[in-house]
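Enquirer: Take a look at the letters that make up each chain.
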Amino acid sequence: MESAFSTADLSAIWLTFKLAAVVTAILLLVGTPIAWWLARTRSWWKGPVGAVVALPIVLPPTVIGFYLLVAMGPSGSIGHFTQALGIGLLPFTFAGLVIASVLYSLPFVVQPLQNAFEAIPERALETAATLRASALDTFFSVALPLAKPGFLTASVLGFAHTVGEFGVVLMIGGNIPDKTRVVSVQIYDHVEAMEYASAHWLSAGMVVFAFVVLLALYTLNPTGKRK
Amino acid sequence: MKLLFRLFSFILLVGLFSRPVLAETLTIAAAADLKFALDEIVVLFSKTHPSGQVETIYGSSGKFQTQIRQGAPFDLYFSADIAYPRALKEEGFAASEVQPYAVGRIVLWSPSRDAVKMTLADLADSSIQKIAIANPKHAPYGKRAEEALKAAGVWWKVEAKLIYGENVAQAAQFVQTGNAQVGIVALSLALSPELAKQGSYALIPDKLHQPLEQGFIITRRAAANPLAQEFASFIAGKEARTVMARYGFVLPGEVK
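As they're listed, the protein sequences go chains A and B. For the first sequence, our numbering begins at 1 and goes up steadily by one. For the second sequence, our numbering begins at 1 and goes up steadily by one.
Derived by calculation from the structure, the hints in this document are not laboratory data. Where is the CB? At the ideal position from N, CA and C, for every residue including glycine. Misleading hints may appear alongside valid ones.
Within a straight-line C-alpha distance of at most 27 Å, the following computed BS3-like cross-link-like pairs (lysine-lysine) qualify [as the list claims (entries may be wrong)]:
#: 1; chain 1: A; residue 1: Lys18; chain 2: A; residue 2: Lys179
#: 2; chain 1: B; residue 1: Lys47; chain 2: B; residue 2: Lys238
#: 3; chain 1: B; residue 1: Lys150; chain 2: B; residue 2: Lys137
#: 4; chain 1: A; residue 1: Lys179; chain 2: B; residue 2: Lys157
#: 5; chain 1: B; residue 1: Lys161; chain 2: A; residue 2: Lys18
#: 6; chain 1: B; residue 1: Lys197; chain 2: B; residue 2: Lys117
#: 7; chain 1: B; residue 1: Lys137; chain 2: B; residue 2: Lys89
#: 8; chain 1: A; residue 1: Lys179; chain 2: B; residue 2: Lys161
#: 9; chain 1: B; residue 1: Lys150; chain 2: B; residue 2: Lys161
#: 10; chain 1: A; residue 1: Lys18; chain 2: B; residue 2: Lys137
#: 11; chain 1: B; residue 1: Lys157; chain 2: B; residue 2: Lys137
#: 12; chain 1: A; residue 1: Lys148; chain 2: A; residue 2: Lys18
#: 13; chain 1: A; residue 1: Lys179; chain 2: A; residue 2: Lys46
#: 14; chain 1: B; residue 1: Lys161; chain 2: B; residue 2: Lys117
#: 15; chain 1: B; residue 1: Lys137; chain 2: A; residue 2: Lys179
#: 16; chain 1: A; residue 1: Lys179; chain 2: B; residue 2: Lys150
Rough simulated footprint, nothing fancy, chain B against chain A, three-plus residues with beta-carbon under 8 Å [as the list claims (entries may be wrong)]:
#: 17; stretch: 81-92
#: 18; stretch: 190-198
Partial chain B-side listing against chain A, Cβ under 8 Å, derived [to be verified]:
#: 19; residue: Thr56
#: 20; residue: Ser60
#: 21; residue: Gly62
#: 22; residue: Asn135
#: 23; residue: Lys137
#: 24; residue: Lys157
#: 25; residue: Ile163
#: 26; residue: Tyr164
#: 27; residue: Glu166
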C-alpha cells in the first residue's frame, strides 16, 4: 500500500474541517440568542420555535437537501435573493454547504445551550440585576461563564455533527474537489469505485476522530456532577 | 397504550397475511439511464406475466456491482458499462452469460438554452457557469463525458465548472432544477417525456469517447428463478426492443 491518504483525500479532510469550523462559529453566534430566548421566555411561541429548531433531528437529510436545492436554485426564493445580490446561486458552492450545515446542525448547538441557560439559577441573574448590572452585562459576566460547559458541548456536537453530514451534501454538493467534496462523500466514492483500502483509511480515521472528540467531551464535561 | 398496542398488532397481522406467499418476484438493479425505458418495459412485461412482481432500483452501475459482490438481493443487473457485469461473471456472481442489450449515447442537454446546435466547445463560454456530468469515478456516463471533453480539447477549460452527480439521472436533475445550465446526460434521459418537454439536446459524436456498451446478467441468487429467465428473453424480444429504440439506444445486432 502506498501512502495512506491521497491528495484528494487530504483535500477532503481539510475541506471537512474548514466547513465544520465555519459552521460551528456561525452556529454559536446564531444559536446563543435563540437558546437564550428559548430558555428564558414564557411566550406562547416557545413551543413552536423549539419544535422548528429541533426539526433537523427528525427530518431525513433528503428532505432538507431537496428543499434547499429547490429554494437555492434559480427559481427558488433564496436563489432569487442571492442572484439579486450578485452572489449567484448557492448549490454546489462552499457557501451553500455552510448554509445547509447550519440548518442541519442547529439543534445540536441550540439544545445544549438552552439546557445550560435553563440550569442557571434565577437568583444569580437577579443578584446581578440588584448590583445594577445591565442586561447585556449580566449575560456576559454571569450567564456566559455559568453556561461554559454548555458551550463546550454545543461546539463539540455542532462540529462533529457537521463532519458527519452526508445526505444533504450528496444532494446539493455536486462533489466538487476543494469546494464540496467532504470526507463522507469521498468515502462513498471510494466504496463505489471499489477502492476499499482508501475507504478503510478514511473511515477508520473518522471512527478515531469521533471517539476522541466524544471522549474529550465526556472527560472535560462530566455530566451529573458539580452543578 | 392499549389502543396503540392493538393498532400495532393489527398492522403486523395485515402485513403478515396480506403478502401473497407464493408470488414470483423479481428485483432488478439497473443503471440510471434506463429509468424511463425500463419502466415502460416492465409495464409491458407485467401484462404478459400478471402473477409476477417486478421491482426496479435505479442507481450508478458501479454501486450496484459493489452491492452484488456483497450479496445484494438483485436478480438481474443492467449495467451501463458491460465491463462491470463481465467482472462479476468472472468472479462467479452470474448465473447467465453477459448479454449486451444496448449501446448508449451521450448528449448535451439544456432546458434554459437552445442546445440543438450546441457543441462541446461552446461549454467554455463564460455564460455557462456550471456543467453537470455523472461522477466519472464510478458512473459509466460520467466516464464517457470526461473522455469526450478531453477528446474535444475543452477539458481544462471546463473542469472548474463541472459538478458531479452520483449517477447520470442526478446529473440531469441538477440541470433540470436550473442549478447547472448544461448537462452531459444519457440520450435515453433527454428523450424521456419528462425531460423532452423541458429542454433540447445535441448528440455528442460517438467517436469522441469509448462506446457505452451496456450489458446485463442474471445474478447467481436468481439461478433458479424462472421469472428472471423470462425477463431476460423478454428484453431481447420485439416489444422491448421497440421501447429501447424509442429511447435512443442502439440495439445489439443493428447497424446504426
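Enquirer: Take a quick look at whether lysine 197 (chain B) and lysine 117 (chain B) sit within 27 Å of each other, Cα to Cα.
Expert: Status holds; Cα separation ~18 Å.
Enquirer: Is lysine 137 (chain B) close enough to lysine 179 (chain A), meaning Cα to Cα at most 27 Å?
Expert: Cα-Cα ~18 Å, so holds.
Enquirer: Lysine 161 (chain B) and lysine 117 (chain B) were given as a pair; does the straight-line alpha-carbon distance stay at or below 27 Å?
Expert: holds (21 Å)
Enquirer: Count residues of the stretch 81-92 of chain A with a Cβ under 8 Å from any Cβ of chain B, then say if the count reaches three.
Expert: holds (count 4)
Enquirer: With a cut-off of 27 Å on the C-alpha distance, tell me whether lysine 179 (chain A) and lysine 157 (chain B) pass.
Expert: Holds: lysine 179 (chain A) and lysine 157 (chain B) sit about 18 Å apart, inside 27 Å.
Enquirer: Has the given pair, lysine 157 (chain B) with lysine 137 (chain B), been kept, meaning a C-alpha gap of at most 27 Å?
Expert: holds (20 Å)
Enquirer: If you take the shortest Cβ to Cβ gap from threonine 56 (chain B) to chain A, is it below 8 Å?
Expert: Nearest chain A Cβ about 19 Å off; hint violated.
Enquirer: Interface hint check: lysine 137 (chain B), Cβ to nearest Cβ on chain A, cutoff 8 Å. Holds or violated?
Expert: holds (5 Å)
Enquirer: Taking beta carbons only, do three or more residues of the stretch 190-198 of chain A come closer than 8 Å to chain B?
Expert: Coverage by chain B holds for the stretch 190-198 of chain A (4 residues, Cβ < 8 Å).
Enquirer: Closer than 8 Å between Cβ atoms is the bar; does asparagine 135 (chain B) clear it against chain A? Give me holds or violated.
Expert: Holds, because the Cβ-Cβ distance from asparagine 135 (chain B) to chain A comes to roughly 6 Å (cut-off 8 Å).
Enquirer: Quick check on glycine 62 (chain B) please, does its C-beta sit within 8 Å of some C-beta on chain A?
Expert: Holds: closest Cβ of chain A sits about 5 Å from glycine 62 (chain B), inside 8 Å.
Enquirer: Holds or violated: lysine 150 (chain B) with lysine 161 (chain B), Cα cutoff 27 Å?
Expert: holds (14 Å)
Hint violations for this structure: numbers 13, 19, 24, all remaining hints satisfied.
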